[in-house]
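Peer 1: If you're matching them up, the sequences are chains A and B in order.
To convert, note that position 519 of the first sequence is 519 in the working numbering; the numbers rise steadily by one, no gaps.
To convert, note that position 185 of the second sequence is 185 in the working numbering; the numbers rise steadily by one, no gaps.
One or more of the hints may lead you astray.
Stated by the list, open to error - FRET-style restraints, in silico, Cβ to Cβ:
1. A/G295 <-> B/A30: 24 to 32 Å
2. A/L323 <-> B/L135: 20 to 28 Å
3. A/G237 <-> B/N281: 33 to 41 Å
These are computed hints drawn from the structure, not numbers from a lab.
Just so it is clear, the structure is predicted and the values come from calculations on it, not from any experiment.
Think of the CB as a built atom: it goes at the ideal place given N, C-alpha and C, for glycine as much as any other residue.
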Amino acid sequence: MSSRIPIVPENTEPLPRLRENEGMLSWVASVDHKQIGIMYLICCMVFFLIGGLEALLIRIQLAQPEFGFLSPEVYNQMFTMHGTTMIFFVVMPFLIGVGVYLVPLMIGARDMAFPRLNALSFWLFVFGGILIYYSFLTQSGAPDVGWFAYSPLSEKPFSLNKGPTYWALGLLATGIGSVASGLNNVVTILTMRTPGMTMRRLPLFVWMILVTSFLLIFVIPIITSAFAMMLLDRLLGATFFTPAHGGSAILWQHFFWGFGHPEVYILILPAFGIISEVIPVFSRKPIYGYEFVAGSTVAIGLLSLGVWVHHMFAVGLGDVTNLYFSFASMLIAIPTGVKVLNWVATMWGGKIIFATPMLFATAFIIEFVIGGLTGVAIASVPIDWVVTDSYFIVAHFHYALFGGSLFAIFAGVYYWFPKFTGRMMSETLGKWHFWLTVIGFNLTFFIQHFLGMMGMPRRTYTYHDFPYWGSMNLISTIGAIVLAVSVLVFVWNILQSLKRGEKAGGNPWNAWTLEWATTSPPAVHNFDLVPPVRGRRPLWDLAHPDMPDEPDAKVV
Amino acid sequence: MEKLGGLFNPSSLEMDAMTDLTVYIIVISAAILGIIAFAVAYIIIRYRKKPGDDTEPYQDFGSLKLEIVWTAIPVAIVAVLFLLTCSTMNVIQPPVKDHEPDLVITGHQWWWEIYYPKSGVVTANELHIPLGKYLLIRLESIDVIHDFWVPELARKIDAVPGHPNYMWIEATKPGVYLGACAEFCGAQHANMRIRVIVENEEEFKEWEKQQLVIPATPRAGLAGEGAKLFQEKACMNCHTIMGTAAAANVGPNLTHLNKRQTIGAGVLTNSPENLAKWLTNPQKYKQGSLMPNMKLSDNDVQALVAYLEALK
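Next comes chain A alone, as it looks inside the complex (with noise of 0.2 Å):
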């Protein structure tokens, strides 16, 4: 077409071409954002075959009172285990490899800004995981005090065990390495757009990883911090977390949850972002009301950073200090809920194609929103202080990090597989697992709400045999037989459309942003030619030129 025009200056040097990148070695030392993209995603399918396996024998034990299938040891072990994979070795590194693929790709940038950098965060987050899993191979074996880890149970004087010091280094490495990923997307997306890539015309996902990538840059140095302060009280007899001699337990809380509180929106941010990409393109219709779920994305970052407290209302911080924390938390819902409500606004009057990416975001929204308000009640001092630490609150936040971050995840791949590999998923497989994923999320977690309602604690290995509990944890179990299913065929469909997936072509979904200009996958220069930008969609501009976006745009 004659409007592109080329953007990237013709490179003198010669580029590497993929078949010589071929080799296993040359992907060890990939610094391609493709590659380092692609080996994050297979790294956390691993772990999250991993994590999934470890949630299954968690809920094997619970199917009925007083089961004896694991220890009490093992059985701590796996859900401080389940709770730490799936957080940072899970959803965490997953979104950070889509940004890492993707956002080079949709500023129309031909690498990130520091293609090393961006190599060492891969396998600091690779080295940092197989650390803490070697702790299994230990005579002490796996970190057994949870994934948060409260002082004084996880010092030295109650848990002698290595397990704990394992799971500190291995964070603190991986932590590092998320720091750098955060500097590094911040700075490819503030100075490698191409131009006429404005900030008012940056892809939402772009615009999520960006607010994510600051969090990241805020929060993770508070968490690396205390890690290294407990490392400190573990290994050389620094007394920082115990009060017996003249340190503070609730410090330690105030530190991990002054970044755990932030990791939550970590977590969901970019998921937002790919919510936000694939509704319009399968509606057919562009994002109602960018400037708003854009701007919500800010006011969500910002708010996340002061709302730590909501997870110690029962710690007894005083009622000021209490209420102050949970007016901040109840305000995040507004922010959420204008996205929320935007996107289905921008269904509204659309032509909905119900491929399975869109129906993992459609069930995005109906899972989330029950999160998101289990999330407002718990806002709600009072109502916290009934339902912490019960299973109520497992409900809670599978809702929002199963329900929202890992269906947004799989809307992902479905949507980008074909742009990764260059072929189609299966569609029947697809919807397979997508029905099987409904069925067994809502069996396992919907009826927790309620078992925490009626008093069942978390973190327990057994529980009493008081009315109704054997038979809801047994639902509960069956559920998570259903999930365990579900992920068999969704790995099952990866294996079987890499090999004899139909061809995609270069826009399969005939979607807008620009790392859809390009063939699938895209050869290691990423584009011969950046279409010119001139609105939010350039490929629409470019696909009816009669009627662009902004029509007053001048091509730069």
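Following the hints, complete the assembly by docking chain B onto the known chain A.
Peer 2: Chain B alone, transformed into the frame defined by chain A:
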């Protein structure tokens, strides 16, 4: 139909207030979820792409008016929720000021120590409280963070080492209520259970009086042998029995063990057979518990059971 516990059976003034608040919030949340689910269902039916229709729909970029409306509505809902939150907290958490606590509860790995400062009664894992009395409870911890939780009776409150907490409670229905530790506290977090016996004032006074009596130490027979063993074996290094030399605080106070309903912080019901099983190998019933397997002979176990049974 068997009775559901927790929020479904509030049995104190405090839980009544919290249950009301929960019901309000559930109603509001269900309404919001209903509206969104209905809208999505309508969209799925109404706006599905028809086969053969390849035209693009109307390209709608948003509306400032609508954005303002759906920002304002959540603001109003949040305001209402926050006011409800404040007023409920006022009911359940009046200032402590200079009240003396009626009860001091101390969390241990993995059992509860209970002390009545006004009468001097010390017991473990079973809390007797009078019906209809407004009580101030002070929560402490000796080791790690625990959390006192009896779902029908009260809010959760952490027992934090070096940071005592206070909680008000007024039970409104007599009965036995089961609770647990809610904050993960190590290997046997699951078996750190507590029973609260709410009884009318006369019954409570009676119980308190009985608890203050120092039991006679048996001198003869199997029980006498048990009493001697208790002092000779390591038992006295961890437990207290009033009227004897045993005065340690690592394990529960056993002065009136016979009067308790369970042993091992709720692991087994209290009977001579279970006591014998427990003494033979506590690790079998509470793996990781701080009470070791003392490798007692059957005869020693029988003697100790006879002694502990005599502690009425």
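Peer 1: Confirm or reject each hint.
Peer 2: Hint check:
no.: 1; hint: A/G295 <-> B/A30: 24 to 32 Å; in the structure: holds (29 Å)
no.: 2; hint: A/L323 <-> B/L135: 20 to 28 Å; in the structure: holds (25 Å)
no.: 3; hint: A/G237 <-> B/N281: 33 to 41 Å; in the structure: holds (35 Å)
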